[in-house]
Amino acid sequence: DGGITQSPKYLFRKEGQNVTLSCEQNLNHDAMYWYRQDPGQGLRLIYYSQIVNDFQKGDIAEGYSVSREKKESFPLTVTSAQKNPTAFYLCASSTLTPGGYGYTFGSGTRLTVV
Amino acid sequence: AQSVAQPEDQVNVAEGNPLTVKCTYSVSGNPYLFWYVQYPNRGLQFLLKYITGDNLVKGSYGFEAEFNKSQTSFHLKKPSALVSDSALYFCAVRDAGNTPLVFGKGTRLSVIA
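Chains as they are written, first to last, in this note's numbering: chain A, 59 to 172; chain B, 39 to 151.
Do not take every clue at face value.
[Said to hold, decoys possible] Result set (EDC-like, lysine to aspartate or glutamate): computed pairs, CA atoms no more than 16 angstroms apart in a straight line:
| no. | chain 1 | residue 1 | chain 2 | residue 2 |
| --- | --- | --- | --- | --- |
| 1 | B | 107 | B | 47 |
| 2 | A | 141 | A | 112 |
| 3 | B | 143 | A | 82 |
| 4 | A | 141 | A | 82 |
| 5 | A | 129 | A | 82 |
| 6 | B | 143 | A | 120 |
[To be verified] Just a few of them, taken from the derived set where beta-carbon distance is under 8 angstroms, the chain B residues facing chain A:
| no. | residue |
| --- | --- |
| 7 | 80 |
| 8 | 101 |
| 9 | 145 |
[Claimed, not checked] Non-contacting residues of chain A with respect to chain B, defined by C-beta distances greater than 10 angstroms in every case (computed):
| no. | residue |
| --- | --- |
| 10 | 74 |
| 11 | 80 |
| 12 | 84 |
| 13 | 86 |
| 14 | 112 |
| 15 | 121 |
| 16 | 127 |
| 17 | 148 |
| 18 | 162 |
| 19 | 164 |
| 20 | 168 |
FYI, nobody ran anything at the bench for these hints, they're computed from the structure. Glycine included, every Cβ here is placed at the ideal spot set by N, Cα and C.
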């Protein structure tokens with residue numbers, strides 16, 4: 059089945075530690091996105107990429123980093139500079155065809171600072 | 039810049055009654071509008087979209103939405119609510135380019151038996 063896979067489902071981070079969230083898609087989508095979800099705040103864009111080896115900052119990129127070395131993969135690193143990383147992280151992908159079906163989302167990773 | 043407003047944090051409706059979840063938007067040019075649904079601890083699932091054409095859009099699970107350009111609204115509707123419709127609903131918008139979707143803050147729908 060085609061889809062988008064996020065791992066792990068749950069992740070615990072100690073203070074001062076970097077952690078990496080995985081996102082893989084086999085939909086042959088050109089674009090991939092990372093959103094952060096906090097209660098009552100909806101989804102906020104962290105980073106997105108529309109082509110391999112290129113990515114753009116979203117609204118809340120500080121304290122995060124990404125890479126796009128392969129079309130299928132778009133990992134997100136939450137660095138120690140992110141002061142409040144506890145949240146639900148959603149990865150999505152899409153075609154770049156106008157009028158497409160919007161985004162396909164992964165099942166999310168819940169990150170908790172311990 | 040694009041923006042989306044979902045004015046209600048919570049909507050409660052009795053099973054079998056019609057439901058409406060409101061959404062207004064702001065975008066330069068023609069909007070591309072979407073509704074998604076999220077169940078607990080899951081990703082978002084696509085419900086329906088408006089790109090062009092008929093103002094009434096039909097989507098998954100019996101949902102529909104009406105695009106109103108003059109009121110810049112895209113309200114989600116269903117004629118008869120089910121308990122299983124209880125979830126978090128997000129409206130999203132982007133312009134005609136390839137800019138990322140901008141999401142509203144979400145509306146929690148509770149359907150009571």
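Each hint tested on the structure:
1. B:107 with B:47: violated (23 angstroms)
2. A:141 with A:112: Violated, because 26 angstroms separates the two Cα atoms, which is more than 16 angstroms.
3. B:143 with A:82: violated (26 angstroms)
4. A:141 with A:82: Cα-Cα ~26 angstroms, so violated.
5. A:129 with A:82: holds (9 angstroms)
6. B:143 with A:120: violated (21 angstroms)
7. 80: holds (6 angstroms)
8. 101: violated (14 angstroms)
9. 145: violated (10 angstroms)
10. 74: At roughly 27 angstroms from the nearest Cβ of chain B, residue 74 of chain A sits farther out than 10 angstroms, so the non-interface label holds.
11. 80: Residue 80 of chain A is indeed farther than 10 angstroms from all Cβ atoms of chain B, at 14 angstroms.
12. 84: holds (16 angstroms)
13. 86: The assertion about residue 86 of chain A holds, with a minimum of 16 angstroms to chain B.
14. 112: Residue 112 of chain A is indeed farther than 10 angstroms from all Cβ atoms of chain B, at 13 angstroms.
15. 121: holds (19 angstroms)
16. 127: holds (21 angstroms)
17. 148: About 6 angstroms separates residue 148 of chain A from the closest Cβ of chain B, which leaves it inside 10 angstroms; violated.
18. 162: Its Cβ does come within 10 angstroms of chain B, the nearest being 8 angstroms, so this is violated.
19. 164: violated (5 angstroms)
20. 168: violated (7 angstroms)
Comparing the model with each earlier hint shows violations of hints 1, 2, 3, 4, 6, 8, 9, 17, 18, 19 and 20; every other hint is respected.
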